[in-house]
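Participant: Read top to bottom, the protein sequences are chains W and D. In terms of this note's numbering, the first sequence is residues 1 to 163. In terms of this note's numbering, the second sequence is residues 1 to 166.
Since the hints were made in silico from the structure, they are not lab data. For every residue, glycine included, the Cβ atom is placed at its ideal position computed from N, Cα and C. Please note that the accuracy of each hint is not assured.
Facing chain W, from chain D, some residues (calculated, C-beta under 8 Å) [to be verified]:
1) Pro41
2) Ala43
3) Val49
4) Thr52
5) Val56
6) Trp62
7) Gln63
8) Leu66
9) Phe155
10) Ser157
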Amino acid sequence: MRNQAISSVGGQRMAAMNFAGLRLAVPLVEVNSLVSVLDLDDSRSGASILSSVEVNGQELPAFGFDAELDLLRSVPDDYRVCVNLGDDNPELGILCQSVETLEQPVTEEALPVCMSSDHSMVTGLALNDGEILLCTNLSALVEYIATMDKSNAGPFLRSSEAN
Amino acid sequence: MPLQSQQTAATIEPTSSAWLLDISGGLTVAVALQDVIYVYPEAPQVFPVPQTPDHVLGVLNWQQHLVPIIDLGLYLGLQQIDSHSSVIKMMVLLNLGDSKLGALALEQIPERADVADSSQCELPASLQAWGCLAPSCFMHNTRGAVPILDLKAVFGSELSPGGLEE
Chain W
1 MRNQAISSVG GQRMAAMNFA GLRLAVPLVE VNSLVSVLDL DDSRSGASIL
51 SSVEVNGQEL PAFGFDAELD LLRSVPDDYR VCVNLGDDNP ELGILCQSVE
101 TLEQPVTEEA LPVCMSSDHS MVTGLALNDG EILLCTNLSA LVEYIATMDK
151 SNAGPFLRSS EAN
Chain D
1 MPLQSQQTAA TIEPTSSAWL LDISGGLTVA VALQDVIYVY PEAPQVFPVP
51 QTPDHVLGVL NWQQHLVPII DLGLYLGLQQ IDSHSSVIKM MVLLNLGDSK
101 LGALALEQIP ERADVADSSQ CELPASLQAW GCLAPSCFMH NTRGAVPILD
151 LKAVFGSELS PGGLEE
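Hey, can you work out the whole structure from these sequences and the hints?
Facilitator: See the structure below:
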């Protein structure tokens with residue numbers, strides 16, 4: 001990916017999560033389920049884990065981002081939904097204001113090389129009816145959170161290592 | 001050959017046309033005439049992209065093409081991030097080849113210049129660190145040494161702050 005400039009990697013159905021004015025798209029096939037924040041368990045929050053969510057009997061860590069895509073330490077009042085990511089095997093939840101399925105498939109273009117950064121969850125950009133969307137995916141999110149969590153000595157990495 | 005004709009032949013030197021681009025921080029760089037596609041007299045709508053280098057201002061949508069925008073003055077450390085105006089004055093859209101586009105933030109409207117081979121000069125010592133981005137340089141009669149940008153290097157590289165290519 002890093003050796004490409006802007007190049008097409010194919011159109012796909014995507015869901016756009018809203019974070020305080022920023023929209024981040026993930027492949028629709030990676031969205032497992034949606035849960036209201038009212039159904040989350042705050043008792044297990046700590047460091048970058050805002051809450052935990054139960055999916056198919058499994059407790060998943062839930063994270064959130066601000067408009068700069070930095071990990072949040074507390075859940076803003078207007079974050080109402082948790083998007084559980086992982087096709088058949090959900091891995092984590094992402095708290096956001098809202099989420100919507102884009103009506104048309106979009107073509108993700110790899111991030112231009114000059115925009116690459118070692119610590120970014122943004123894998124590409126897409127145009128959706130004139131709107132510019134940031135794109136990511138589950139593996140990029142897991143890698144990003146693990147990196148940030150490592151620097152903060154948070155619990156996500158420790159639980160990953162334990163597994 | 002008459003003396004007058006000899007003098008005329010000696011003074012006419014082939015030149016190449018270029019655009020002079022005034023980037024933030026007071027430096028002038030040059031690109032080939034055919035590299036400039038469009039000059040935005042006013043800054044277009046810029047879409048900022050988080051978690052990208054500070055000198056990358058974002059992207060813009062040009063006829064359904066997503067175009068990265070670079071502030072070379074920021075990259076070169078000629079302009080401090082803290083003091084950098086968040087308002088981009090103008091921008092130039094550039095052809096990078098292979099159907100790729102890039103944009104540079106500018107301080108002024110670009111100016112045409114004719115560059116002769118004999119005006120070639122060394123990069124100033126203060127700019128040696130980014131020689132990878134400007135393989136050649138020429139002496140302009142009013143602006144001094146003007147680096148000629150290699151646009152593929154500028155937009156096709158991961159640039160680290162301070163002018164060193166990673």
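Participant: For the hint on Pro41(D), just tell me whether its beta-carbon gets within less than 8 Å of chain W.
Facilitator: violated, 22 Å
Participant: Under 8 Å, Cβ to Cβ, is where Leu66(D) needs to be relative to chain W, so tell me if that hint holds or is violated.
Facilitator: With a minimum Cβ separation of about 5 Å from chain W (threshold 8 Å), the hint on Leu66(D) holds.
Participant: Double-check Val49(D) for me: the hint is only fine if its C-beta lies closer than 8 Å to a C-beta in chain W.
Facilitator: holds, 6 Å
Participant: Against chain W, run the beta carbon of Val56(D) and see if the smallest gap drops under 8 Å.
Facilitator: Holds, about 5 Å.
Participant: Taking the closest Cβ pair, is Ser157(D) under 8 Å from chain W?
Facilitator: Interface hint status for Ser157(D): holds (6 Å vs cutoff 8 Å).
Participant: For the hint on Trp62(D), just tell me whether its beta-carbon gets within less than 8 Å of chain W.
Facilitator: At 11 Å from the nearest chain W Cβ, Trp62(D) fails the 8 Å test, so the hint is violated.
Participant: When the nearest CB of chain W is found for Ala43(D), is that gap smaller than 8 Å?
Facilitator: Constraint on Ala43(D) not satisfied, violated at 16 Å.
Participant: Given Gln63(D) as an interface hint, is the shortest Cβ-Cβ distance to chain W below 8 Å?
Facilitator: It is violated, given that the least Cβ distance between Gln63(D) and chain W is near 11 Å, above 8 Å.
Participant: Would the hint on Phe155(D) be counted as holding, given a Cβ-Cβ threshold of 8 Å to chain W?
Facilitator: Holds, because the Cβ-Cβ distance from Phe155(D) to chain W comes to roughly 5 Å (cut-off 8 Å).
Participant: Holds or violated: is there a CB of chain W closer than 8 Å to the CB of Thr52(D)?
Facilitator: holds, 4 Å
Of the numbered hints stated above, those contradicted by the structure are hints 1, 2, 6 and 7, listed in ascending order.
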